[in-house]
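Colleague: Sequences are here, hints too, so could you generate the full structure?
Residue numbers (this note's numbering): 250 to 347.
Among the clues, some could well be false.
[As the list claims (entries may be wrong)] Pairwise CB distance ranges (calculated):
hint : residue 1 : residue 2 : range
1    : Phe311    : Lys279    : 16 to 26 Å
2    : Gly254    : Val288    : 19 to 29 Å
3    : Gly268    : Thr319    : 32 to 42 Å
Simulated from the structure, these hints should not be mistaken for laboratory data.
On a predicted model such as this, the values are computed, not experimentally measured, just so you know.
Heads up, the beta-carbon is just placed ideally off N, CA and C, and yes, glycines get one too.
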Amino acid sequence: MRRAGHFALQLDEMTDVSGEAQLLAFVRYKDESDINEHVLFCKALPGKTTGEEIFQVIDSFFKEHDIEWTYCTHICTDGAAAMSGGVKGLLGQQESEP
250 MRRAGHFALQ LDEMTDVSGE AQLLAFVRYK DESDINEHVL FCKALPGKTT
300 GEEIFQVIDS FFKEHDIEWT YCTHICTDGA AAMSGGVKGL LGQQESEP
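Modeller: Here you go:
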C-alpha cells in the first residue's frame, strides 16, 4: 500500500452479536499491474456511532501506522448520515483534515 501511494477506503459500520458497534475498513490500491484489496482493520466504536467518532478511529489508526489522509483518494460508505454527512459525518470530518 505504501509503495502504491494513493489508496481508497471502503467502510462499514456494523453491530456484532454482543451488541457492540464495529468499524470494518478495507483498503484498495493499485500496484504495478493489479488492484489489491485487503482488510485494513476492524475496530470497536466507542459510544455512539457518530461521524466524529468514526473519523477519530480511522485517524488514530492512520497516525499509529504513519498513513496520511492526503493519499486517500476515495471513500466508499453505505451512505448513512454518520458516514456521509457533509459537516459532522465522516466525509465532512475528513475534508476538514489538513
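Colleague: Now, for every hint given, state plainly whether the structure supports it.
Modeller: Taking the hints in turn, this is what the structure says about them:
1. One distance hint, 16 to 26 Å for the beta-carbon pair Phe311 and Lys279, holds here, with the actual separation near 20 Å.
2. Between Gly254 and Val288 the beta carbons are some 20 Å apart, a value that agrees with the proposed interval 19 to 29 Å.
3. Distance hint for Gly268 and Thr319: a CB-CB separation of about 36 Å, consistent with the stated range 32 to 42 Å.
This entry satisfies every hint, going by the numbered hints stated previously.
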